[in-house]
Amino acid sequence: MYSEKTLPVKLLAVLIALFIAAPMFVVIPMSFSTAPSLEFPPPGYWLGYYQRFFTDRNWTLPLFNSIVIGLGTTVLTLVLAAPAAFALVRHDFRGKALLNLALMMPLVVPHIVMALAYYSYFGMLRLVQSYTGLILAHTCLSMPVAILILTAALKTFDRNLERAAANLGSRPLTTFRLITLPVLKPAFLVAGLFVFIHSFDETVIALFISGRDTTTLPRQMFNSFLMQADPVLSAASSVLFTAVLIAVAVPAVVRAVRGKRAVSPRS
Amino acid sequence: MGSSVSRLLRGPAVLYLPAALFLLVFFLVPLFNVAWMSFTEPDTGFGNYTAFFASSFDVGVLLNTFKTAAIVTLTSLIFAYPVAYVAARYGGALGSILLLVVTLSFWTSFLVRTYAWMVILGVKGPVTAALIMLGWSPPPQILFTTFASTFAMTHLLMPFMILTLYAVMRRIDGTYMRAAAGLGAKPLKAFTSIYLPLSLPGIANGSVLVFITCLGFYVTPVLLGSPRDKMIAGRIGDEIEQMLNFGGASAMAIVLLVATLGLFALYSRFFGLDKLWR
Numbered sequence: 001m002y003s004e005k006t007l008p009v010k011l012l013a014v015l016i017a018l019f020i021a022a023p024m025f026v027v028i029p030m031s032f033s034t035a036p037s038l039e040f041p042p043p044g045y046w047l048g049y050y051q052r053f054f055t056d057r058n059w060t061l062p063l064f065n066s067i068v069i070g071l072g073t074t075v076l077t078l079v080l081a082a083p084a085a086f087a088l089v090r091h092d093f094r095g096k097a098l099l100n101l102a103l104m105m106p107l108v109v110p111h112i113v114m115a116l117a118y119y120s121y122f123g124m125l126r127l128v129q130s131y132t133g134l135i136l137a138h139t140c141l142s143m144p145v146a147i148l149i150l151t152a153a154l155k156t157f158d159r160n161l162e163r164a165a166a167n168l169g170s171r172p173l174t175t176f177r178l179i180t181l182p183v184l185k186p187a188f189l190v191a192g193l194f195v196f197i198h199s200f201d202e203t204v205i206a207l208f209i210s211g212r213d214t215t216t217l218p219r220q221m222f223n224s225f226l227m228q229a230d231p232v233l234s235a236a237s238s239v240l241f242t243a244v245l246i247a248v249a250v251p252a253v254v255r256a257v258r259g260k261r262a263v264s265p266r267s
Numbered sequence: 268m269g270s271s272v273s274r275l276l277r278g279p280a281v282l283y284l285p286a287a288l289f290l291l292v293f294f295l296v297p298l299f300n301v302a303w304m305s306f307t308e309p310d311t312g313f314g315n316y317t318a319f320f321a322s323s324f325d326v327g328v329l330l331n332t333f334k335t336a337a338i339v340t341l342t343s344l345i346f347a348y349p350v351a352y353v354a355a356r357y358g359g360a361l362g363s364i365l366l367l368v369v370t371l372s373f374w375t376s377f378l379v380r381t382y383a384w385m386v387i388l389g390v391k392g393p394v395t396a397a398l399i400m401l402g403w404s405p406p407p408q409i410l411f412t413t414f415a416s417t418f419a420m421t422h423l424l425m426p427f428m429i430l431t432l433y434a435v436m437r438r439i440d441g442t443y444m445r446a447a448a449g450l451g452a453k454p455l456k457a458f459t460s461i462y463l464p465l466s467l468p469g470i471a472n473g474s475v476l477v478f479i480t481c482l483g484f485y486v487t488p489v490l491l492g493s494p495r496d497k498m499i500a501g502r503i504g505d506e507i508e509q510m511l512n513f514g515g516a517s518a519m520a521i522v523l524l525v526a527t528l529g530l531f532a533l534y535s536r537f538f539g540l541d542k543l544w545r
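Protein chains in written order, with this note's numbering: chain Z, 1 to 267; chain V, 268 to 545.
Treat the hints as calculated values from the structure; they're not laboratory data. Ideal Cβ placement from N, Cα and C applies to all residues, glycine included. Careful: at least some of the hints might be erroneous.
[As the list claims (entries may be wrong)] Partial pick of chain V residues on the chain Z-facing surface, computed with a CB cut under 8 Å:
| # | residue |
| --- | --- |
| 1 | Thr342 |
| 2 | Tyr352 |
| 3 | Gly389 |
| 4 | Met425 |
| 5 | Phe427 |
| 6 | Tyr462 |
| 7 | Leu511 |
| 8 | Ala516 |
| 9 | Leu533 |
| 10 | Tyr534 |
[What the hints assert, rightly or not] Below, a sample of chain Z positions facing chain V; criterion: calculated Cβ distance under 8 Å:
| # | residue |
| --- | --- |
| 11 | Lys10 |
| 12 | Met30 |
| 13 | Thr34 |
| 14 | Val75 |
| 15 | Leu78 |
| 16 | Ala87 |
| 17 | Val89 |
| 18 | Phe93 |
| 19 | Leu103 |
| 20 | Cys140 |
| 21 | Leu240 |
| 22 | Thr242 |
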């Protein structure tokens, strides 16, 4: 008879997962701590560090900058990546494999190399320390994320929906607006969220090309690490973690809701 | 000429050209500029490269980078494998929870997780407290050592490894293992002769991804590591910020880039590029 002892390996997997999750069990309690320095477990709890995070200009300005840069990056990335994803999935053209490779390359090149590249290149273009420079750099690095999510969604798109619309006399543009776009909306939402998080999170390039007035949140956090471990850091970290939680949870909820509402045309 | 342009613009080029031009101007040109600087700043020639490879310190940094990447890759593979295996093979509620934890961790900022290890491994952290309780006095310095940064990098990259392993393992047919057992193979034998070989593409994918990412790591070694044994990304940062030595920094960046792309090309010859992120 086939028997397999699964308990030990399952237990091992759970232990490793606990290890993976461990940082969050530290960062979140730390953000409510009364300790003036890095101390764990916390000696007491209060909300003071959140209050400072949301009122101290040293933290509110970077937060504001990160949001502006994140939104700019999201819009620009989607505007560039969405049509390219359509071309990659629906058309055959010369150099398609090369284009696909080029679009994925920013994922492979180390960020420090790009940081040096932008530092000198944007220096010539007078874009160092500007929102524009950061948005352009982050857009470039986010392109693979957006392309991967959008092409995956497009590949599973049932083109019979468009053919049916055309058969019923709909013009291409109307079909696109009434059929294609609504079906792909969740994919755009997911791609947008992940691009935003990607930009919101990016540290190395921001470290080198953002300036005093365009400091991003990760850069402020990094400097705060180096100088003195200001416990406001843990409030900042918790806010970042919550943003990720939302970004991961929202698509899951959207998918669940959509799965219940729409009966798949193929099933 | 004019007609060929208008013909081009009626095809899919309209769709992909904006992205392609953007990448050309804001990705490829800046990279070529780095290569250009490495041969021209401050003097024309191979000076920056000969200086780099003549410096025993810099060659040591390069070797240390490769060594660290190898250790991190191997360790994260050993720990990632059981998690991916359980999630892929047994699924269910446990599998979903494991994947959720891994995905959340995957998307959580490197900086946030590095900060967490700073607290956990710090002087007032739980690890030091436990060591003191066990009678280790004075407690050893953990933070700002090679161990701390290697350990944290392993933790940071494990989700990459798990997700790539899982992507391959999910497609392994579970009935093979039952067939092996039916033919009399003990579980370990069935695993080593059936499951492990079938999961090899996942191991290759994950290892290349982790190794390449680790080669370029900047934040964690700078914050948690020992200043005595640097990694190359940290050296590049120093050259830019402290020395303003753009030629030297560019040469190092090109060495790092060539190593990364070389590994990547070697890998994609054998496995196909498209499999890496699926």
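Status of the hints after comparison with the structure:
Hint on V/Thr342 is violated. Least Cβ distance to chain Z is approximately 12 Å, over the 8 Å limit. Look at V/Tyr352: its Cβ gets to within about 7 Å of chain Z, closer than 8 Å, so that hint holds up. For V/Gly389, the suggested interface contact is upheld, since its CB lies about 5 Å from the closest CB of chain Z, less than 8 Å. The beta carbon of V/Met425 is positioned within 8 Å of a beta carbon in chain Z (closest approach about 6 Å), and the interface hint is therefore held.
Taken as an interface hint, V/Phe427 does not check out: its beta carbon lies about 12 Å from the nearest beta carbon of chain Z, beyond 8 Å. Annotation: V/Tyr462 was flagged as interfacial toward chain Z, and the flag is violated, the nearest CB pair being 11 Å apart, outside 8 Å. Interface restraint check: V/Leu511 against chain Z, minimum CB-CB distance 10 Å, threshold 8 Å, status violated. Checking V/Ala516 against chain Z: minimum C-beta separation of about 6 Å stays under 8 Å; hint holds.
This hint is violated: V/Leu533 has a C-beta 13 Å from the nearest C-beta of chain Z, more than the 8 Å allowed. With a least beta-carbon distance of about 10 Å to chain Z, the hint placing V/Tyr534 at the interface is violated under the 8 Å criterion. Among the interface hints, the one on Z/Lys10 holds; its C-beta lies about 6 Å from the nearest C-beta in chain V, closer than the 8 Å criterion. At a threshold of 8 Å, the smallest CB-CB gap from Z/Met30 to chain V is about 6 Å, leaving the interface hint in force.
Proximity of Z/Thr34 to chain V is violated relative to the hint, the smallest CB-CB distance being about 14 Å (cut-off 8 Å). Interface restraint check for Z/Val75: the shortest CB-CB distance to chain V comes to about 13 Å, outside 8 Å, so the restraint is violated. The beta carbon of Z/Leu78 is not positioned within 8 Å of any beta carbon in chain V (closest approach about 11 Å), and the interface hint is therefore violated. Of the supplied interface hints, the one on Z/Ala87 holds, with its beta-carbon coming within about 4 Å of a beta-carbon of chain V, less than 8 Å.
For the restraint placing Z/Val89 at the interface with chain V, the shortest Cβ-Cβ distance is roughly 10 Å, beyond the 8 Å limit, so the hint is violated. Nearest Cβ of chain V to the Cβ of Z/Phe93: about 5 Å, under the 8 Å cut. The hint holds. Here the hint on Z/Leu103 is kept, as its CB sits about 7 Å from the closest CB of chain V, short of 8 Å. The interface hint given for Z/Cys140 holds, since its Cβ lies 5 Å from the closest Cβ of chain V, which is under the 8 Å cut-off.
For the restraint placing Z/Leu240 at the interface with chain V, the shortest Cβ-Cβ distance is roughly 5 Å, inside the 8 Å limit, so the hint holds. Proximity of Z/Thr242 to chain V is violated relative to the hint, the smallest CB-CB distance being about 10 Å (cut-off 8 Å).
Hint check: violations occur at hints 1, 5, 6, 7, 9, 10, 13, 14, 15, 17, 22; the rest are consistent with the structure.
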